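Asker: Each chain, letter by letter, is given below.
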Amino acid sequence: MTSAEKYVTAAYLVVLGVLLAYLVIYAFKLSRLEREVGELTELARRRREAEPTPEPDREEVAP
Amino acid sequence: MSTSLRNNSAVALAAAAFVLLLAGLTLAFYWVPNAPVEGFRQRIFYIHVPVALTSYACFGWAAWKALRLLWTRERRYDLESYTAVHMGVIFGILTLVTGSIWARTSWGVWWSWGERQLVLFLVLFLFYSAYFMLRYSVEPGPRRERMSAVYALFGVVLIPVSFMAIRLAEGLIHPVVFDRDPSDNLAASQLTTFVVCFAATLALAASLYVNELTGKRVDERLRELREALT
Chain A
1 MTSAEKYVTA AYLVVLGVLL AYLVIYAFKL SRLEREVGEL TELARRRREA EPTPEPDREE
61 VAP
Chain B
1 MSTSLRNNSA VALAAAAFVL LLAGLTLAFY WVPNAPVEGF RQRIFYIHVP VALTSYACFG
61 WAAWKALRLL WTRERRYDLE SYTAVHMGVI FGILTLVTGS IWARTSWGVW WSWGERQLVL
121 FLVLFLFYSA YFMLRYSVEP GPRRERMSAV YALFGVVLIP VSFMAIRLAE GLIHPVVFDR
181 DPSDNLAASQ LTTFVVCFAA TLALAASLYV NELTGKRVDE RLRELREALT
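So the sequence lines, in the order shown, correspond to chains A and B. Per this note's numbering, residue 1 is the first one in the first sequence, and the count goes up by one each step. Per this note's numbering, residue 1 is the first one in the second sequence, and the count goes up by one each step.
The hints are simulated quantities; they were obtained by calculation from the structure and are not laboratory data. Be a bit skeptical, because a hint or two may be false.
[Said to hold, decoys possible] Partial pick of chain B residues on the chain A-facing surface, computed with a CB cut under 10 Å:
1. L25
2. T26
3. L94
Everything numeric in this text was worked out from a predicted model, so none of it was measured. Note that the Cβ used here is the ideal one computed from N, Cα and C, for glycine as well.
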């Protein structure tokens with residue numbers, strides 16, 4: 001491999017490397033978002049369970 | 001735009017970027033002949049110049065969104081302008097690194113402070129890097145949105161200056177293409193390869209922009225949801 005070939009390959013590999021690094025960072029971000037969605041879903045479920053359930057309406061029975 | 005349409009456009013952009021990048025790489029390495037003077041090392045041109053032009057396009061897009069924000073006061077343009085600056089800085093890093101590698105193999109140095117084109121691009125890059133410092137030094141809200149928009153708009157002035165610097169400079173060594181002298185212009189095969197590579201980097205930037213913007217929007221909505229629930 002000549003010197004020019006090494007430099008050209010390095011230039012293209014740098015672009016590929018930055019793209020891969022971006023992909024890794026984005027994967028971390030996605031996993032954080034997933035965790036936050038999970039936490040908020042749990043929070044919403046607990047709040048719904050804690051709320052008192054309304055009693056069903058009773059129909060008036062004629063004497 | 002509806003969510004399903006947005007998702008479809010994101011998939012289409014990612015697929016276009018993948019196909020065009022593959023085509024660009026194939027053309028640059030296996031089809032286009034060696035340049036008469038520079039030889040094999042001229043192939044860096046097919047990644048360096050498209051990446052630089054894509055960086056300008058991202059900063060231009062950020063300025064357009066900033067203008068829309070100042071004009072309409074719609075908050076969504078702030079996030080769009082910020083994401084475009086984010087992408088522009090990523091492509092700016094790639095421009096500086098690939099340019100530096102090309103300078104090393106062509107001129108024997110990694111950097112030349114005497115080159116106005118290089119220095120002006122560095123100034124543009126540092127200007128937009130400082131955007132993040134400005135943005136995160138102000139509390140979120142309309143004031144931060146307006147300040148970020150004005151800053152992004154000011155930066156766009158540097159783009160034509162940076163682009164034209166090479167043509168305004170005299171007696172310097174940075175190569176010039178696409179000018180009036182036919183001997184400096186690209187051959188048909190070189191131009192085809194360049195166009196494919198430029199389309200590839202534009203599609204890649206658009207795809208990254210759409211994904212990043214979706215991520216930032218989800219982040220924002222989750223924050224609002226957390227505030228509503230707690």
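Asker: All hints, please: hold or fail.
Answerer: Hint-by-hint comparison with the structure:
no.	hint	result
1	L25	7 Å, holds
2	T26	12 Å, violated
3	L94	6 Å, holds
Taken one by one, the earlier hints fail for this structure only at number 2.
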